[in-house]
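Read top to bottom, the protein sequences are chains A and B.
With the working numbering applied, the first sequence covers 13 to 276.
With the working numbering applied, the second sequence covers -19 to 245.
Think of the hints as simulated: they come from the structure by calculation, not from any bench.
Yeah, the Cβ is synthetic: ideal placement off N, Cα and C, and Gly gets one too.
Treat the hints with care, as some may be off.
[Stated by the list, open to error] Listed next, the stretches of chain B that the computed footprint assigns to chain A, with coverage defined by at least 3 CB atoms under 8 Å from CB atoms of chain A: (1) 59 to 71; (2) 129 to 136; (3) 158 to 171.
[Stated by the list, open to error] Here are some, though not all, of the chain A residues that point toward chain B, as calculated from beta-carbon distances under 8 Å: (4) G124; (5) R126; (6) P142; (7) F143; (8) G225; (9) F227; (10) Q243.
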Amino acid sequence: MTPRRWAGGAILAGPAIVALALVVLPLVGLLQGAPWDSIISELTESEALLALRLSLECSLGALAASVALGTPLAWVLARRRFPGRSLVRALVLLPMVLPPVVGGIALLSAFGRRGFAGGWLYELTGWRLPFTTGGAILAETFVAMPFFVVTAEAAFRSLDRRADEAAATLGASPAYRFRRVTLPAVAPALAAGSALAWARALGEFGATITFAGNFPGTTQTMPLAIYLNLQSGNSGVAIALSLVLLTVSLAVLVGLRDRWLGTT
Amino acid sequence: MRSHPFRCLLAVAAVFGLGASCGSSSPSSMAAGEPASSRGAAKGTLKVFAAASLTAAFHDAKTGLGSTDPNLTVTYSFAGSNALVTQVQQGAPADVFASADQRNMTTLVRAGVVEAPIVFARNRLQIAVGPGNPKGITGLADLAEPGVSVVLAAPGVPVGDYTREVAARLGISITPRSLETDVRSALTKVTTGEVDATVVYLTDVRAAGSKAVGVDIAEVQQPAIGYPIAIVKATRNRAAAEAFVRSATSGAVQRSLVAQGFLPP
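Could you put the whole structure together from the sequences, leaning on the hints where they help?
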């Protein structure tokens, strides 16, 4: 290597190392601050267990809703032409860039007891979403669904239609073609979108605490339990729960490695 | 390819070097801090970390706190006292800390982070309900009724702990819908109509104006609520911090606090 290229490498290496340190150092801090000798007892404390179980329920509920409602939406956005499609797509993706706490306030304005939809629901049935597990799932779905839709839509759009058309000429019904031709082709993308949406739902904080409130076993998911415990000085529980979420995030990343990390 | 080992070495040095320096800065060494440099008149900036229930009182210019000197800029950080304790222990740049209870202040006193506190105000609990008191709530016992939705402040947040203490003493079992991070956020759940009632301080209900109505809690049921204020030892503006704490017990500020519903210390 020539001296000149070496100098160029050194100039790039500086900021690159700082960038890496920016990501790595907080993780090192988390590991260093972890209560390793008591981590099992911290996590099996009743409130931490409640948060773990509730987080699992809510994030899986949000994932189910995102897949059930997001797949048709992604299909329509990818394959149907209709006026205002770009606007619809922008609206659907908005929660990805919207601050979650704004999402929480928006959900309250719509589905709160005084909200236009929530008020009507409450008058009619006496049922309300804020402060319920259903509310927490709604908040997580609001934030996580776009991650599924954006991945699924890209897959539907880049689909090779010739296989579908060939199946059609052979007399296969639309439902059969979707199940046997389209679905196998997009399955990896749908799985990746599901993993992303699930991870996002699992980490949801701002919209959940704003819209659903915070109560152990009902709406206090892991991120809320982490925040509340840290505020009350129980940093042991907070860090132990943080490590659980870190592990899950790493697992999702490993699962998606072929899509994102390359194969080198 | 000869540059690779060099880069790796640099990376390792960077990670471990910075990691080690981060690891050594414990809360206690931060608390020692640097000696206060300015001992002249109150000037510069002063960061006051105060219990959420002091928001209206400290923001009110008429209170006179910190507004005595035009050269002094006072900035406030309001939150649940427990959250502020955690922040100060982690080295947040506070000059003065005012808590809504003794317990949170004691945590910082024991940690050696603050100087000796003085109580500058007292308060009372009140039930906050929506305008017109639609559920006809008359006392704490009504909050245990199944048809009444209630939020309380989370454990560790002074107003929540006071309420649970009183409820336990009276044998009332309240099941809240949510445990809020501070008193203001609990009150907001009532003023926005999401729940029927919460328990806050009398001064918070007053500050909410027409959006909330207070239902008194009997005198015999009231807990002792004192607001201690203290100088954070690591302050870089000791003169201003001392002046602020001194002014909190001065006649003018005390009169204004009483006008807002606080009780004298």
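Enumerate the violated hints, using their earlier numbering and listing them in ascending order.
none
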